[in-house]
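Student: Going down the list, the sequences are from chains C and Y. 113 is the number that numbering that gives the first Met the number 0 gives to position 114 of the first sequence; each next residue is one higher, with no gaps. 88 is the number that numbering that gives the first Met the number 0 gives to position 89 of the second sequence; each next residue is one higher, with no gaps.
Hints were generated in silico from the structure; no laboratory data involved. Among the hints, a few may not be true.
If you only want the chain C side, here are some residues facing chain Y, beta carbon under 7 Å, derived [claimed, not checked]: (1) LEU60; (2) VAL61; (3) ARG81; (4) ASN82; (5) TYR92; (6) HIS96; (7) GLY108; (8) LEU112.
Built from N, CA and C at the ideal position, the CB exists for glycine as well.
Given next are the chains, with one letter for each unit.
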Amino acid sequence: MMSVPVLEAKGLSKTYAAQIGQPARHALSDLDLRIEPGETFGLLGPNGAGKTTSQKLFLGLVRPTRGEIRLFGESPENPDVRNRIGYLPENPYFYQHLTGEEFLRFCGGLFKLPRQVVDERADRLLTQVRMQDARKVQLKKYSKGMLQRVGIAQALINDPELVLLDEPMSGLDPVGRHEFRELILDLKRQGKTIFFNSHILSDVSEICDRVGILVEGQLAAEAAIADLSRDGRDLETLFMETVRNPKTAAVAV
Amino acid sequence: MSFGHVLTLAHQTWRELLRERLVSGAMLASALLLLCALPLGGLSLGQDARILADLGFACMEVTSVLLVAVAGAQMLPREWERRTSFLVLSKPVSRTSFLLGKALGLLAMGTLLVLGQSAVLLGLLGARGMDPLILAGQVPLVMLQTILVGSLAVGFSAFASLPVTLLATLALYVTGHNLDSVTGMATQLPPLSKAIMTAIGHAIPDFSLLDLKNRVIHGQRLTPGLAAQAAIHGISWSVAALCVGILAFQRREA
């Protein structure tokens, strides 16, 4: 018997309506995707390919023009399903008036976690992302890298089964990137399902089990990292070939 | 909708407003206006307390209404612009809870501002020989005005831009205080225009029902009937404004 996929998209399309001075924009076309429990999936693509729109659709932040999404077999419109998800938005801009600690407590409150559990997790996560010393500092005084760190901490405050990360490595220095990679690998070891968008191919090939390449809103290629290695191909080659010739790229290598 | 989420978001909004300059600016403006009103009372013959009461209530109303109108109008547009709404709505929070939480935090802050100003004003007027208990009748009415203006601003901000929201809210507030003139003007118009003006009159909250300061300043107590009428009018319009906001917010996309 097949398990219920953590995330499933069928024929998912999104067109943003025309606005004054701007034509309608097809952000995503007929995306079919199935992410299994415990899998780490990387969605790659050039800027404007539809990666962020995909994540917004998965979270119910925007509604599909066509197609269907199921998270743990449920509609993303159902708020309860989001109890099982952690999300780090791209270029996180959080409530600047809050301190790092207050921010994590606020996020914990949105999951209705008991205060004691929130305090314990906030403490552990702030230590894990090396933000313990800045916990009493307001977010408006944080650097981009610090915001990214506190952003991943808030994404994990509910101990999620599925973690959605939108460009998690952007804004991080090499040390930060290394630590972030270790953190994601640790989540992977814990059996979490991870879905992330990234531009950084080396990180993706190191972390992911499977990748998809979006070009102009269409999933032009999908491949398992292990299969790529076995075939003697690397991710960069596949990415460049796909971006240059999306129509001839292999869907499911 | 979850009451827990509403409270969490209301607390966050309250804290955000407290740490912003807008609230401290409103408090400072109110204190300055009241200070200016103090010597003006002395210019009249034996009416200094009444003039102080009149000016005091007016400045209390203006500062509270402006605070909730400005803060309410920018509340939701700023959440979208800064993308903090992504963060909250990616968690198990319904859009209804989100909007109500933001509104509750704002209205609580507006109410606190009215209470703080009332305490100072009633203290000053009590010292000048007026009966603070009678004057206190106007305080809940100013609170209702503040709540109604805040609800209108949040309701509009769910689907309109900041300038449009602010303009519409303040236009309704000003027109709502002068509904008598609108309906009076309608009687002199041809039938079709009269019908349109009358319909407009019904589509605007009557703020004059929530403004009985002339009555209390002249020593007349607020009757239970007037208080109930004001409460029902203010609360039902506030609920209606928030409901429109909630409906519009359900359709909004990030």
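Student: Each hint: holds or not?
Tutor: Here's how the hints hold up against the structure:
Hint status for LEU60 (chain C) relative to chain Y: holds, with the closest Cβ pair at about 4 Å, below 7 Å. Evaluation of the VAL61 (chain C) hint against chain Y yields a held restraint, the C-beta minimum of about 5 Å falling below 7 Å. Because the beta carbon of ARG81 (chain C) sits about 4 Å from the nearest beta carbon in chain Y, less than 7 Å, this interface hint is met. Satisfaction of the interface hint for ASN82 (chain C) is found here, the shortest Cβ-Cβ separation to chain Y being roughly 5 Å, below the 7 Å cut-off.
Annotation: interface hint on TYR92 (chain C) holds; nearest CB of chain Y at approximately 5 Å, less than 7 Å. Annotation: interface hint on HIS96 (chain C) holds; nearest CB of chain Y at approximately 4 Å, less than 7 Å. Of the supplied interface hints, the one on GLY108 (chain C) holds, with its beta-carbon coming within about 4 Å of a beta-carbon of chain Y, less than 7 Å. The restraint placing LEU112 (chain C) at the interface with chain Y is violated, with a minimum CB-CB distance near 11 Å, outside the 7 Å limit.
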